[in-house]
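> Which chain is which? The protein sequence lines are V and A, in order. Per my numbering, numbering of the first sequence is gapless, rising by one per residue and ending at 423. Per my numbering, numbering of the second sequence is gapless, rising by one per residue and ending at 278.
For the record, the hints were derived by calculation from the structure and aren't laboratory data. Please read all numbers here as calculations on a predicted model, not as lab measurements. No residue lacks a Cβ here, since even glycine has one placed at the ideal position from N, Cα and C. Honestly, I wouldn't trust all of these hints.
Claimed, not checked - Here are the simulated BS3-like pairs of lysine-lysine, each with C-alpha atoms no more than 30 Å apart in a straight line:
#1 A:K101 x A:K266
#2 A:K64 x V:K331
#3 A:K64 x V:K355
#4 A:K64 x V:K276
#5 V:K276 x A:K72
#6 V:K169 x V:K331
#7 V:K77 x A:K135
#8 V:K276 x V:K257
#9 V:K276 x V:K204
#10 A:K135 x V:K257
#11 V:K77 x V:K146
#12 V:K169 x V:K77
#13 V:K331 x A:K101
Said to hold, decoys possible - Listed next, the stretches of chain V that the computed footprint assigns to chain A, with coverage defined by at least 3 CB atoms under 8 Å from CB atoms of chain A:
#14 48–57
#15 376–389
Next come the chains, spelled out residue by residue.
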Amino acid sequence: MKFTIRARLATAAMATILTTVPAYAEDLNVILFGMPYTYGLAELEDDFEAATGLTANIEVVGQDVFENRITLSFTGKTGDIDVVHTPVIQVQRWVEAGWLHPVTDGVNGMDTKDDILAGPLDAYLVKGDYWALPFFAETGMMSYRKDVLANAGYDHAPTTWAELLEVAKAVNSDDVAAFAMRAAPGQGFNMFVFPMIMRAYGGKFFADYPNDLTPAINSPETLEALNLYIDLINNYGPPGAGNFNFSEVAAAMQAGKIAMFVDGTSIVAQSLDPEKSQVLEHMAIAAVPEGPAGRSPAIAVHGLGIPADAPDPEVSFKFIEWATSEETLAKIALAQPFPDFTRASVAANPEVIAKYESINPDFLNLRVEMLNDAIGHYRPLLPQWPQIGAAVGEHINAAVNGLESPEEALAAAEAEMAELLAE
Amino acid sequence: MRKPKRKNAFSWKQAAGVTMMLVFLVFALLPIIWAFILALRPENRLFEPIWESPTALTLSNIPKLADSGFPKALFNSFVTASVSTALAVVIGVPGGFALAKGRSSRKFLASWALLLLRMAPPVGFVIPLFILYLKIGFLDTWWGLIGAYMVLTLPLVVWSSWTSLSQIPDELIEAALLDGATMGQTLRRVVIPAARPGLVATSVLAFLLSWNDFFFALIITRSDTVTAPVAIMNFVSYASVDWGSIAIASIVLTLPTVPVIVFANKYIVQSMGGAVKG
Numbered sequence: 001m002k003f004t005i006r007a008r009l010a011t012a013a014m015a016t017i018l019t020t021v022p023a024y025a026e027d028l029n030v031i032l033f034g035m036p037y038t039y040g041l042a043e044l045e046d047d048f049e050a051a052t053g054l055t056a057n058i059e060v061v062g063q064d065v066f067e068n069r070i071t072l073s074f075t076g077k078t079g080d081i082d083v084v085h086t087p088v089i090q091v092q093r094w095v096e097a098g099w100l101h102p103v104t105d106g107v108n109g110m111d112t113k114d115d116i117l118a119g120p121l122d123a124y125l126v127k128g129d130y131w132a133l134p135f136f137a138e139t140g141m142m143s144y145r146k147d148v149l150a151n152a153g154y155d156h157a158p159t160t161w162a163e164l165l166e167v168a169k170a171v172n173s174d175d176v177a178a179f180a181m182r183a184a185p186g187q188g189f190n191m192f193v194f195p196m197i198m199r200a201y202g203g204k205f206f207a208d209y210p211n212d213l214t215p216a217i218n219s220p221e222t223l224e225a226l227n228l229y230i231d232l233i234n235n236y237g238p239p240g241a242g243n244f245n246f247s248e249v250a251a252a253m254q255a256g257k258i259a260m261f262v263d264g265t266s267i268v269a270q271s272l273d274p275e276k277s278q279v280l281e282h283m284a285i286a287a288v289p290e291g292p293a294g295r296s297p298a299i300a301v302h303g304l305g306i307p308a309d310a311p312d313p314e315v316s317f318k319f320i321e322w323a324t325s326e327e328t329l330a331k332i333a334l335a336q337p338f339p340d341f342t343r344a345s346v347a348a349n350p351e352v353i354a355k356y357e358s359i360n361p362d363f364l365n366l367r368v369e370m371l372n373d374a375i376g377h378y379r380p381l382l383p384q385w386p387q388i389g390a391a392v393g394e395h396i397n398a399a400v401n402g403l404e405s406p407e408e409a410l411a412a413a414e415a416e417m418a419e420l421l422a423e
Numbered sequence: 001m002r003k004p005k006r007k008n009a010f011s012w013k014q015a016a017g018v019t020m021m022l023v024f025l026v027f028a029l030l031p032i033i034w035a036f037i038l039a040l041r042p043e044n045r046l047f048e049p050i051w052e053s054p055t056a057l058t059l060s061n062i063p064k065l066a067d068s069g070f071p072k073a074l075f076n077s078f079v080t081a082s083v084s085t086a087l088a089v090v091i092g093v094p095g096g097f098a099l100a101k102g103r104s105s106r107k108f109l110a111s112w113a114l115l116l117l118r119m120a121p122p123v124g125f126v127i128p129l130f131i132l133y134l135k136i137g138f139l140d141t142w143w144g145l146i147g148a149y150m151v152l153t154l155p156l157v158v159w160s161s162w163t164s165l166s167q168i169p170d171e172l173i174e175a176a177l178l179d180g181a182t183m184g185q186t187l188r189r190v191v192i193p194a195a196r197p198g199l200v201a202t203s204v205l206a207f208l209l210s211w212n213d214f215f216f217a218l219i220i221t222r223s224d225t226v227t228a229p230v231a232i233m234n235f236v237s238y239a240s241v242d243w244g245s246i247a248i249a250s251i252v253l254t255l256p257t258v259p260v261i262v263f264a265n266k267y268i269v270q271s272m273g274g275a276v277k278g
């Protein structure tokens, strides 16, 4: 068989390409999902090698890709992941399933343990062991347009949910809707924000968490909160607000289409982004409003853990220690939009303070204030919570969109919680 | 005097047909049009109706996409889809020829085995492949992904070429053999050229099968060999969804298939109508 010159060239090119594929052979394989901290960490691979002499393949993927990869790896006990992104909301389930390796000895042996914010660290304390080190602690905050509120005669942000409704009635217009909040169903979507209202009105998920886990969401307090949430979204929100998620809320605020929103600090920070906001000069931030039962800002904590089947947990911990160190967190806080760091020393770093004060002078202080008000079990720390949160979120969204009445939604949510707990 | 009826008058039936076709066309193209609009809109105008700010357009998503890991993922897609298609054709066409013209008594068994491979859900292959690759160090390599894609493409190529090559008259093959050609020469110089439309159509389908794959790549690639369909998902992050990049990446992912299909269109049509007149 005669090869033409073109065929030979093509074969040679193909052989060259296929034999030069890099091997999957770094000392450590780290899998994370995309957020400013993880993007920043992936840029610092060389720093890790310089500090420890070890190489790491830091892979940052989308959240869906992440879920698939880790589920396959954990259930198949494949040992191909050395360090895994560990959201606190998943840690109970992962510990229950035996998917994580404890890091208690490593944490207790750290000289700088006291520098880590106690709340986020203790969120990883399950059954007497630490299961991850936190790198991210997000809390709730309000972002609002001073100019719109001032035009209606308000010189400050509403401090209670009832006042927020009053302000919403006064400022709502065809051009600028008064309010938006995540409403799309999901444990991390509407169920990240709705409990801020529910708890402020005295509502709760369980009779007496963690001692009595009888579902108790179907209460007059939660009903009052749900009615307020529905009223705000349906009557004072922009078109389509009944299914808004965080990206639509942030985009609406950046475009100046809403006057107020309450969300996590990572979303509120986007409303202050000079490159994205069209109404930056009018933006201000404030505390999460209170209710008759007080204030309950949302909290979300993310950390780094070690899979149970990781080949060398000691080496994995070396990476985690480096990745959550003061130096690394400060570098990322300066390089990325990342004000949600978990070390007191980073909060005291003059360069970090200067960077975030230039964006908004109140941001860092308000964040600390909200973190202090937040309760660790804002979303209950239970192995079944991801499923329960998703189920309750569906009913809350159904109530917002008129598919169920608020009373029906809460009754159905409570019944489904009981079913999931009984499984 | 009655006006003579025009022979080619545009009837209501035709009008209804054209209207229906246009409606379907718009319906089918709407996601693509929407993707183009999203790709050209600045981030802070994404959720605004286009008529409110029709001139707010930007090309900034293009350099942003170029700076991301997407071009590398696109290259990975191209290499793995091309090589797996080429190998599947090189191995599968002689297999299809043997089944079409050979005198094996096990053709029935072969046809069932091929159908089974075509119909089995990918998850049935991907888990064993993942564990095997993990053990032998094939995870996150081009060869690993090419091997996995051949699980999809090889049965398709064998099955389709079996059908195409069955239409070649036996007399043509016998004449070549009588003229002194070997079986290999007969296949290369007589059978394949005669069955070209069907084989080109098969190659195109095999290429698109690998090119559009998400599931295999999701499981057995990592950062080095991730393919474009998986890389698109990486634009969804914890606190933001990069709709502009997703839109432009989707368009870029679709573009290479357009010339392939346009080029192969006549062959696909011919293959549907029968390759060689007997």
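> All the hints need checking, so say for each whether the structure fits it.
Quick rundown of the hints versus the structure:
Using a Cα cut-off of 30 Å, the hinted pair K101 (chain A) and K266 (chain A) holds, with the two alpha carbons roughly 26 Å apart. A hinted pair counts as satisfied when its Cα atoms are at most 30 Å apart, and K64 (chain A) with K331 (chain V) qualifies at roughly 23 Å. For a cut-off of 30 Å, the pair hint linking K64 (chain A) to K355 (chain V) stands: about 24 Å separates their Cα positions. Restraint check: the Cα-Cα separation between K64 (chain A) and K276 (chain V) comes to about 15 Å, which is no more than 30 Å; the hinted pair holds.
The suggested pairing of K276 (chain V) with K72 (chain A) holds, with an alpha-carbon distance near 28 Å, which does not exceed 30 Å. A distance of roughly 44 Å separates the Cα atoms of K169 (chain V) and K331 (chain V); the hinted pair therefore is violated under the 30 Å criterion. Restraint check: the Cα-Cα separation between K77 (chain V) and K135 (chain A) comes to about 12 Å, which is no more than 30 Å; the hinted pair holds. For the given pair, K276 (chain V) sits about 14 Å from K257 (chain V) by alpha-carbon distance, which is consistent with the 30 Å threshold.
For the proposed pair K276 (chain V) and K204 (chain V), the alpha carbon gap of about 37 Å is over 30 Å, so the pair is violated. For the proposed pair K135 (chain A) and K257 (chain V), the alpha carbon gap of about 54 Å is over 30 Å, so the pair is violated. A C-alpha spacing of about 53 Å is found between K77 (chain V) and K146 (chain V), which places the hinted pair above 30 Å, so the restraint is violated. With a CA separation close to 55 Å, the supplied pair K169 (chain V) and K77 (chain V) exceeds the 30 Å bound.
A threshold of 30 Å between alpha carbons decides the hint, and for K331 (chain V) with K101 (chain A) the separation of about 68 Å lies outside it, so the pair is violated. Note: the stretch 48–57 of chain V has 1 residues with beta-carbon separation from chain A under 8 Å; the three-residue rule is not met and the coverage is violated. Three residues within the 8 Å Cβ limit are the bar, and the stretch 376–389 of chain V against chain A gives 0, so the coverage statement is violated.
Taken one by one, the earlier hints fail for this structure at numbers 6, 9, 10, 11, 12, 13, 14 and 15, listed in ascending order.
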